[in-house]
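Asks: So the chains spell out like this:
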Amino acid sequence: MPFTFVEIEEHKTRKLVLLFAVLVLLYIVSIIALVWGSRLILGIERQPSLGEAFSLVCIAVIIAALHWAVSTYRLVDRVLTAILAKPLDPTDTYHQRLKNIIEEVSVATGGRYQIEPYVMPTVAMNACAVADFSGRAAIAVTEGCLARLNRAQLEGVIGHEAAHIASGDSLSRSVFCGLFELHEEALKRLTGVFSDSAGRRVTIRGRGGALILFVMAVLWVTNTAKRLAELCVSREQEYRADATAVRLTRNPLGLAEALRLIETHWRGIGTDGDSLSTIFILDPGAQYLSEQDGFFADWFSTHPPTHRRIDALLGMAHLSIANFNEMMALHHGKRARQLPPDKPGEVPSRRWSVWLDGTWRGPLTLEQLAGLESLTPESWLRPDGEQAVKPASHEPSVLAVLQRRYGHAGQAPQPGKTECPNCRLQLTQVLYEGVPLDACPACRGCYVMPDQVSRILAREEYAFSDRIKRLAATMPTLSVAGRITKRFNAWPGNRMQHRQCPKCGSGVVRKFFTNQYLIEVEQCWVCGLAWFDKDELELLQYLYEEAKAKGQSTFLEPA
Amino acid sequence: MIVVLVIVAIALALVLWFFGAYNGLVRMRQEVKSAWSQIDVQLKRRHDLIPNLVEAVKGYMGHERQTLENVIKARQQAIDASALKDKIQAENFLTQTLRSLFAVSERYPDLKANQNVMQLQEELTSTENRISFARQFYNDQTMRLNTAIESVPTNLVAGMTGFAKSEFFEIEDTAHRAAPAVKFS
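The listed protein sequences correspond, in order, to chains H and U. Numbering of the first sequence is given in this note's numbering, commencing with residue 1 and proceeding in unit increments. Numbering of the second sequence is given in this note's numbering, commencing with residue 560 and proceeding in unit increments.
Because the hints were derived from the structure by calculation, they are not lab data. Glycine included, every Cβ here is placed at the ideal spot set by N, Cα and C. Among the clues, some could well be false.
To be verified - Per the computed footprint, the stretches of chain U lying under chain H, defined by three or more beta-carbons under 8 Å from a beta-carbon of chain H, are:
(1) 593 to 601
(2) 680 to 688
(3) 691 to 698
If we strip away everything but chain U, and leave its shape as in the complex, we get:
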């Protein structure tokens, strides 16, 4: 009798633990989703800012047509991308083109003194920061979910209920990736 009771109690405890672990995974997955939507909001903000910036800068940078066209093209690509992986790639490319635009703009003192451009640059800097903060938050949440899915014993629950690991938003920038070359002489 006691043995049966003990077995029932253990089974009950196991079932309760299973529910708890499953709910934990669901919560984490929801958090990853909401973190991704945060990034989306900020990316949208950047897409909306770029036409204004290009318009304001055009008058000053007649010689840099190629740079401006690159920015416009990258923005269109980013808007058109639908799959998560393509989207990440397109946005990274857009970040790079914007960076080169600002590097080029250093050569034009009139442009840097223009109030309108300065304001747009502040807005864009802020948006870039927001994107990187949102990405950082998303990656933190993704790491939590992935760790839970891989570690014992939640991996059993995840395996049984078919939880998939989430993807990190990584920077596909070769310059960032390459380890700095250190020379000892």
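Extracted from the complex, chain H is given alone in its bound form:
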């Protein structure tokens, strides 16, 4: 180990002392500016005494100490809130993998660091590490990274972030963010109050105007401070973290591939928290400066050029850049989606006629019905001797047969489980792109929460069948779809009278899921749980990926 504990601790303390010194200096300068300005305005000629100068320094130190104490209080939580990071969903396979990888890397550091895993719900690709004085450390990874990186690549990224935590970079950077950037982030939102959605300035007179001035002044101070303190964040740390990651995972290629993938995808500019650039693996702003070589760029950008980082890693792997590019160009294929196999059924005393393939067949016994491969919960049945016709799912004994046919491993129905709104069969849990969903085994519709939809949209594991592509080709263009969806969603008759949300028991409305695409769902208007019919979720995913591939806006306006 090149780093012993004592060295790391010394390193940490030195950097933090430097940060505090910058802060004190900043307050001294601003107090001097304030005093000097008011002397000019009031016309005071007398020279300040030594005692006054001393008390000025004391005041600056006290203010700086207060600022420090407030800014570093519960730092991990506050930074995670600012970047909208969420704890993991323990049932999601992608999240389980992330948790496992973080624990593995923690083992590689000798189990000294307990690292908490978090995800950022965005399709952007980035990752960051946060730590604070209480000894807490967390790594947050975007859904985009979880979806597009394989195990070895993700391991490289986590190794890099864990290296930052072990070397103490994370602590000093988090403190740096807490001191300057978190306030900037909050102020950015505050200044948003003063301009309307079209970006025009709204004039606020009196106290409001004074507030604007104050906000501007504070913004200026923090911005200047940021520029000064960014000098402490050297680009060398990134190279060192890359090297430590390789020492932890012994796989330079995984990290190099991950860097290339993150570099060539959207890294999250414009999202909440993109100004906290120093804590991320690659600069979310994708600055021009970051990709430059030379003295000026070395001093003023937070991240070294990615191609140089990749070069260094390839050097460790004994691979030339040409071979690497060839390797990365190989198409990353998707798996074919497998549907669960249909289960054959059995069991018996009434007789029914059944409407199949355009004719009435029967009357048939329950056993004969069960033998019909093409019988579905939606097939029409006419009980023998009656005139009324009803769907198979409304006949309890036939429903029981179907339940056994489709049910999980032939289990009998369990009371209290959610039923399919169309077929009345009990839903079974399936994994769709790693997300556990309750789906109907017969009609293949499923219940999805809105946050699960955004996770599914981020993932691209499976290819689409030709049927989905044909269906998508029949969809109207975006502008037409937008007009239709908005008008339809505003219609009050959409409320479904006899339906309740299985999760919260509130009312259910029929509507389009987003304003962009004509995907109709039945959605709870309180918790947002949506029922997608067969193919509809896949269709939404396909349309979304198409838009992404064409470079169109992928923002889904919630309807």
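Given the coordinates of chain H, assemble chain U onto it according to the supplied hints.
Replies: Using the frame of chain H, we list chain U on its own:
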């Protein structure tokens, strides 16, 4: 007088250095011990996972009874081993049998599609990684201790106080050991 003072000062410095070097060695030995306990934790985790895996796989792999039995036997051997050397050997054998189990499972598409098996496989992959990371950390610590014991001047301290070198956790896998044959034609 000055000569005496100088000699006393040198002797004092030597004694202080001796204490420092000894404490350094003790710290390294403790680190090696804790690194070994890390491996132990992860090995235990693997032992606990294997019965679940065998149970889940059994239904699909009726024809591969021999492979499954090998895994079970290797696990039992690994649990029973007490001496460090036996333990290392037994665990390496277990790793090999698991590897052949997964190689065989490639032939069963139903098995690969099974959610339960997939989850177990992810857990086991993770555990294998943890074991290799823990082993890597242990070997790093062992190397530090052994280097200190052998190099001048700490070797004097180690020799006087009876510090023994620690053993590396090596992979006893002939396939891994054999150098790849390169042919120039």
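Asks: Are there three or more residues in the segment 691 to 698 of chain U whose C-beta lies within less than 8 Å of some C-beta in chain H?
Replies: With 4 residues closer than 8 Å to chain H, the segment 691 to 698 of chain U meets the three-residue bar; holds.
Asks: Verify the coverage statement for the segment 593 to 601 of chain U against chain H, using a C-beta to C-beta distance below 8 Å and requiring 3 or more qualifying residues.
Replies: holds (count 4)
Asks: Are three or more residues of the segment 680 to 688 of chain U within 8 Å, CB to CB, of chain H?
Replies: Holds: 5 residues of the segment 680 to 688 of chain U have a Cβ under 8 Å from chain H.
Hint violations for this structure: none, all hints satisfied.
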